[in-house]
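Protein sequences, first through last, are from chains A, B, C and D.
When we follow this note's numbering, the leftmost residue of the first sequence carries the number 96, and every step to the right adds one.
When we follow this note's numbering, the leftmost residue of the second sequence carries the number 96, and every step to the right adds one.
When we follow this note's numbering, the leftmost residue of the third sequence carries the number 96, and every step to the right adds one.
When we follow this note's numbering, the leftmost residue of the fourth sequence carries the number 96, and every step to the right adds one.
There are no misleading hints in this set.
Which copy is meant is left open, so a pair is good if it fits within one copy or across any two.
Straight line, CA to CA, 30 Å or less: simulated DSBU-like cross-link-like pairs of lysine-lysine:
| no. | residue 1 | residue 2 |
| --- | --- | --- |
| 1 | K102 | K324 |
| 2 | K226 | K138 |
| 3 | K101 | K453 |
| 4 | K229 | K453 |
| 5 | K173 | K315 |
| 6 | K226 | K440 |
| 7 | K453 | K324 |
No lab work stands behind these hints, which were simulated from the structure alone.
One-letter residues, chain by chain:
4 protein chains.
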Amino acid sequence: MEQKIKKIALLTGGGDCPGLNAVIRAVTRTAILNYGIEVIGYKFGYRGLYNNDFIHLTLDTVSGILHRGGTILYSSNKDNLFDYLVEENGELVKKDVSDVAVENLKREGVDVLVVIGGDGTLTSARDFARKGVKVIGVPKTIDNDLASTDVTFGFNTAIDVVTEALDRLHTTAESHHRIMLCEVMGRNAGWIALEAGIAGSADIILLPEIPYDINKIAEKVKEREEQGKNFTIIVVSEGARPKDGEVVVAKIVADSPDPIRLGGIGNKLAGDLEKLIKDHEVRCTVLGHVQRGGNTSTYDRILSTRYGVAAVELMIDGKFGEMVCLKGDTISSDSLENVIGQKTKNVNIDGELVQVAKKIGISFAE
Amino acid sequence: MEQKIKKIALLTGGGDCPGLNAVIRAVTRTAILNYGIEVIGYKFGYRGLYNNDFIHLTLDTVSGILHRGGTILYSSNKDNLFDYLVEENGELVKKDVSDVAVENLKREGVDVLVVIGGDGTLTSARDFARKGVKVIGVPKTIDNDLASTDVTFGFNTAIDVVTEALDRLHTTAESHHRIMLCEVMGRNAGWIALEAGIAGSADIILLPEIPYDINKIAEKVKEREEQGKNFTIIVVSEGARPKDGEVVVAKIVADSPDPIRLGGIGNKLAGDLEKLIKDHEVRCTVLGHVQRGGNTSTYDRILSTRYGVAAVELMIDGKFGEMVCLKGDTISSDSLENVIGQKTKNVNIDGELVQVAKKIGISFAE
Amino acid sequence: MEQKIKKIALLTGGGDCPGLNAVIRAVTRTAILNYGIEVIGYKFGYRGLYNNDFIHLTLDTVSGILHRGGTILYSSNKDNLFDYLVEENGELVKKDVSDVAVENLKREGVDVLVVIGGDGTLTSARDFARKGVKVIGVPKTIDNDLASTDVTFGFNTAIDVVTEALDRLHTTAESHHRIMLCEVMGRNAGWIALEAGIAGSADIILLPEIPYDINKIAEKVKEREEQGKNFTIIVVSEGARPKDGEVVVAKIVADSPDPIRLGGIGNKLAGDLEKLIKDHEVRCTVLGHVQRGGNTSTYDRILSTRYGVAAVELMIDGKFGEMVCLKGDTISSDSLENVIGQKTKNVNIDGELVQVAKKIGISFAE
Amino acid sequence: MEQKIKKIALLTGGGDCPGLNAVIRAVTRTAILNYGIEVIGYKFGYRGLYNNDFIHLTLDTVSGILHRGGTILYSSNKDNLFDYLVEENGELVKKDVSDVAVENLKREGVDVLVVIGGDGTLTSARDFARKGVKVIGVPKTIDNDLASTDVTFGFNTAIDVVTEALDRLHTTAESHHRIMLCEVMGRNAGWIALEAGIAGSADIILLPEIPYDINKIAEKVKEREEQGKNFTIIVVSEGARPKDGEVVVAKIVADSPDPIRLGGIGNKLAGDLEKLIKDHEVRCTVLGHVQRGGNTSTYDRILSTRYGVAAVELMIDGKFGEMVCLKGDTISSDSLENVIGQKTKNVNIDGELVQVAKKIGISFAE
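In isolation and in its complexed conformation, chain A is listed as follows (with noise of 0.2 Å):
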């Protein structure tokens, strides 16, 4: 039966994040040395597979990428084939092209579809499988948050990134007395700020998962004075708010006539610190796409790699319609339809981190 499978294709989609030519390189590597089949690329996720624009995914191609952040493949965020941008009679409509898609499959012969993104993406993964498609599903997010795997690649890489930037900002605001706030990614879940909060030595954590009182950021800087440390480091969630309030995106005021850019929530909470404590210098870094880019860190890498590996172990395996995925220290998979629409994996408030941070110290100004 596996012996039927010839050809495959691969496609990235969501946002880039370190570990993505890692799976890349792991299924083509393991696809042709093991099985002897061909391997083939998507460039641009789903709007790649809708217009055929393909690379032959070989022994070299997928040389030399093992640790560059990024895909080979290229990327898009938004592209649904089964809700498509399309013009037709020179206009702009929405409609289903997902039947283009499968032709082009059959057209260039592929066997089986390896889908590598996050929920948008997987979700128009399933829906394919419903068309008949086999596929793979694996998954993919910085930011830590699908409740379908322990751990996903790129997560580790990102609090690497905002760890240094703690660390970095530590000096400063230590010789300057300062408050410094660093806002990190994470969307609607806090966990990387919660885990790069304690791995840089952050003395407030502000989550999406619990909304903060600035009256206790007040009181945590005081409590800090009177222990002879005169600078507080706060970590935000880019999803955090205050108890009162709501969450701040920063966005473009295209129609300002001057400034232009509204801060997010780093930038607000900053703003409103400063007119609450008198006595501080407050500063804050939005760390931005830096977190999401650059070399893979080793734990990614090797994560990756046991992901694509096992990606294409499940098609020999004829598991059609899985994903894989991490459970405890253990490589596993779930079937595309349980994993999607499930609910996004916040941070268990009195789960084991949140308890390891408040009792070593961290506040998260509840």
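Place chains B, C and D on chain A using the hints.
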């Protein structure tokens, strides 16, 4: 003559900067090991001198600090004892309290004061020299904009941090075909942007010294597309400005009911470019204080150590009122009277480095 | 019951390991901030306990050490108080001095002893537990070879260092068409070689668990040449050995008139390969102690902090004689009686990681 | 006149060095973008020139290589076409085959040959210049021992790597009260040891230029103990030697039945010190090839880019037979006739850097 120096004091002023601790260590070790001089350090720059708030610097105190960013003596940004905010009769008034400082130095038996700082801090050093205090200056700025010295410590570390960030932004820009802006420090001088831009493989560098034409940015983006490069990396100096506009400085709008902190030139330009160029996403990262904190680079550790040793040698040679500097690769010195008031050292727009950048195809959007 | 713990003592034994300071910090902060427990730390492991040589551990003492390698309590490698070298009547004799240690603990009013160490150190911890001392163990080894815990801190930092070295060796190997060997730590277990080999894109990995056939190495080199790859990266575990030979341990030949220190297996193999393969240069790098020093990785900082907090929670729960461990991603504990004497955890040669390595084309030269 | 240059060739010779790719990129981009010159690159240095084995260098070929160590043109260490090993009548003989190279250049229409290399490689470049070939030289060595230029690229990266290793060794030395030796590259010049030793906070630096007295090492160790410092970090240049002895070079004893490769001076000294100093463990780390591989430092990326641009400008100005160099911070050039045969640039034992090291308490064990 030299034998008369029995005790010296150190202070650090202005923004913190990698290498400060290395200077403190080198001064302390050289003074103690070679000349049996006692060393103290005032805390928080001139404020500590005014309050007679100091610590003893011994071989133990300066052990293990060579590589650490920040300053173990702390720093403050704005304290000028010749125009100092003090409370008098319940009111805050500004007055010249430099005599208090001179008294403190006398009472502690300090023979020489070593001042490590930037323009403002060294201006006060000169003024103390005019009052008869034996002063030695050591220049400090990550911006590398002092006319009196070819290179200052902290600059190499800053461009290391920016270059690493640019490396990271490359992979994500490339994967998504984005325009990535990275706003960097440097005040009114473009050195950090220029050198990190060259090292980090930027496509466009925007300097304070060369006002930019936004249409030239769009042209460069298009030109790159035609070469098959669908992403563009732009390094923006915080002091850059459009040909027909002003510098935009990030600021807090404290009275704003709603959003809060307005971005600087990087974010403004991101907004402008999103309006001008429709088929690319634009993202801006503002590196902020990570540029001036953290571990000191190898280059800066050596330069700072040379500065520190030279500062002690100057005083042993009786050359008071002088500032250590680097000319070519040679340590020398110049009088504070000459140095203070010199124009900021800006990027020479006809100089070798700008020419090198242009020759390898970097655009300045002029 | 728990309220009775008023004072605890820490000690670190065996080879140093990134994360030791993070454990010390977490234990100290958790004990002081949550339970008002006083904390002291014996210097140089059991030797300090014997000599009653300790320091007080306060919030200040453990400030700024989270990321630092090594141990602020110092360590010694071989001191076993149950078989300790002491001078008696002018002669050095070995005897059981554990009663002295028990006395010292009593005199200082130490309620619980937290022992951080590897096999040997924890064996003594068990023996003290048998004597009635309330002991909590924390496992430590960069080699990751303890059966009782899935992961130990220090291991991730070690593979980070090795992986970065492999990244560096790649460029020089590729430029010169060389065979590059890199000898890494791990004692009789191949974990460091295996994981760093996967992450660092090794072509051949030699493990203690899989004796190597040198002809298979030559075959792999030839196979790579035929694929147009004229260089080969080999990671050699220090405990690796040829099928027909012994482990070669680096050693000093003190009596040798001439040269002096003989290399280990890496250098032996380099010599053997130069004889066997004529058309490639062979170079060997022995990473040595850089693998166990320096800044602690993000992953290890978090894991160590969890271990430290858990150690205090164990004692609060009255679970003496237990050792903290990690199962999957869950912190738990096991009794020292169970743990000690367990066989070293070796690489499972049929396990997932070895299979992953083989699937992507890594040879074990078996 | 300059318009006549239509095609140029590049080659890299000698040991690989971070920055080679940056030079290749800068030459290629400058030539193509500014002067429409076609660029080819010979593979494996002169060997490729002899075999007419080359690749075309385009904007695409040199994309993404700025930061990468090694050389995309490969290198070989020993090929001298003026005394080249060729097979003739079934026998290997050495003969002058430089005419073949000249013929190849003519046949390909190469107007100018850019040679990037060290002493040996540039000597051949001069010899080709004497034969009428239009040659431009670019100096390369991580050892920084060329008299004709103040700094060479690769050197800064090398001292970065060594300094980071010394940072790592510090924590383990301190934890165990050890004497740690670190043997570094540099051939017969001590620059790497000297600068990395200062930056990495070494206690003793052993240079080829200052033969060491082992008793002075022991004295320094004792002196540190008396100051409460129970560990000592020694940086040993591979070319260092005892006052009464020879340089010990690591070598393979191929005929040895048993172990195989004998260590160099670092390991010899470790052996000697273990005999001399009884109460400290001694460990030696030989950094080896990690010093010359991996990512290129910021400083070296900029310097290499300047060299590459300058090489093209030299040819445009018709200055053939010249070599690019750096004097102070100014790019200039010198004739290969002058440069070749100059004595190696050794550390000036009375110069500023050695004095700086001594002033801060570093011993040279002289």
